[in-house]
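K.L.:
Just need the whole structure built from these sequences, with the hints factored in.
Number of protein chains: 2
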Amino acid sequence: MRTFETVSQFSRMLKNLDQWLHAGVAYAQKRNFDPDALVHARLAPDQYALVRQVQSGCDTAKFTAAYLAEQQAPPHPDTEKTITELRARIQACVAFLDAFKVADFGGAEERRVAPPWMQGKSVRGDHYLIRVAVPNFYFHVTTAYAILRHNGVDLGKLDFIGVRNWADCAEW
Amino acid sequence: MRTFETVSQFSRMLKNLDQWLHAGVAYAQKRNFDPDALVHARLAPDQYALVRQVQSGCDTAKFTAAYLAEQQAPPHPDTEKTITELRARIQACVAFLDAFKVADFGGAEERRVAPPWMQGKSVRGDHYLIRVAVPNFYFHVTTAYAILRHNGVDLGKLDFIGVRNWADCAEW
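Going down the list, the protein sequences come from chains A and B.
Just so we're aligned: 159 in numbering that gives the first Met the number 0 is position 160 of the first sequence, and the numbers increase by one with no gaps anywhere.
Just so we're aligned: 155 in numbering that gives the first Met the number 0 is position 156 of the second sequence, and the numbers increase by one with no gaps anywhere.
No wet-lab data here; the hints were simulated from the structure.
Be a bit skeptical, because a hint or two may be false.
Identical chains blur together in the list; that is why a pair holds if it fits in one copy or across any two.
[Unchecked claim] Taking lysine-lysine pairs in the DSBU-like style, the calculated list, with each CA pair at most 30 Å apart, reads:
id, residue 1, residue 2
1, Lys120, Lys14
2, Lys120, Lys156
3, Lys120, Lys80
4, Lys156, Lys14
5, Lys156, Lys80
A quick note: this is a predicted structure, and the numbers were derived from the prediction, not measured.
P.N.:
Pasting the structure below:
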């Protein structure tokens, strides 16, 4: 897996997530309910609500880039209470991700990384990226999407991928 | 992104998905309901039910490997009606994925691929993998997981990643 391209893809997906939240606000206005009610929505009582799915998606992307580039991640305290604040959190994370360059990840795939939750152990960079970071990241953004869909927000797979139609992928 | 490692990760996640379905059966037995009721569960009336999330996750993995290795994917008609049949579908897909070797994907990232749904257009292999196949794959397996969680099945993030504890990642 190419680290830089994957970090760029995280940024692309977070921009999509921002648009899903925007669609959530539009849906709330159309149905005349408080958009911030969505912030607390969840799919199971013992699963994270939307707010924490968004925070966790952002943090997974941010710390993955930081660990693999051996840089410090900017702090983002989990204080968001509204969709507007969540969208600002996403923007801050995207700005951090978009500042990376290919060279920042030189040697990252062979280097070992030791995230704090590994309790002093370490994992090789490429395995960390493919087997831990990518599934974790998509777990949180997909669950955020699912919470919005479950609550009636009008979204589809093209919104998830971030294209107007499938043939648009040819522009990549 | 390294194609072979990503296809291996698809296989790993499908084996995890198989275990989530197994947990769904155990939960149904414990609560005394028909496990196959879960097959039709969905998070929104206009989103795929569990059966089609599993089929689509398998197909995304299968066709990604086939397109990038320039091989033919085996046909798997969407006829499953039970958890047992879905688990067999997963096994068939995993067997196909696990037969690939690193050399099968030589040049795959630079080659252009033209999946039928791109309507005659094509996308470079690495972009197809990172921007289309990986998000689509995780979309379906995460939504399958979310459907099971929403219906009360006892699962957590470690089950999603497929480790007993986070320090286990060090074994990679």
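K.L.:
Confirm or reject each hint.
P.N.:
Hint check:
Taking the shortest alpha-carbon separations for lysine 120 and lysine 14, only the inter-copy value of 25 Å comes in at or below 30 Å, while the best intra-copy value is 33 Å. In this assembly of identical chains, the alpha carbons of lysine 120 and lysine 156 lie at most 30 Å apart only when taken from different copies (19 Å versus 38 Å within one copy). Taking CA atoms no more than 30 Å apart as the test, lysine 120 paired with lysine 80 passes in neither setting, with 35 Å inside one copy and 43 Å between copies. Proximity of lysine 156 and lysine 14 under a CA criterion of 30 Å is satisfied in both settings, with 15 Å inside one chain copy and 24 Å between copies.
Taking CA atoms no more than 30 Å apart as the test, lysine 156 paired with lysine 80 passes in both settings, with 27 Å inside one copy and 24 Å between copies.
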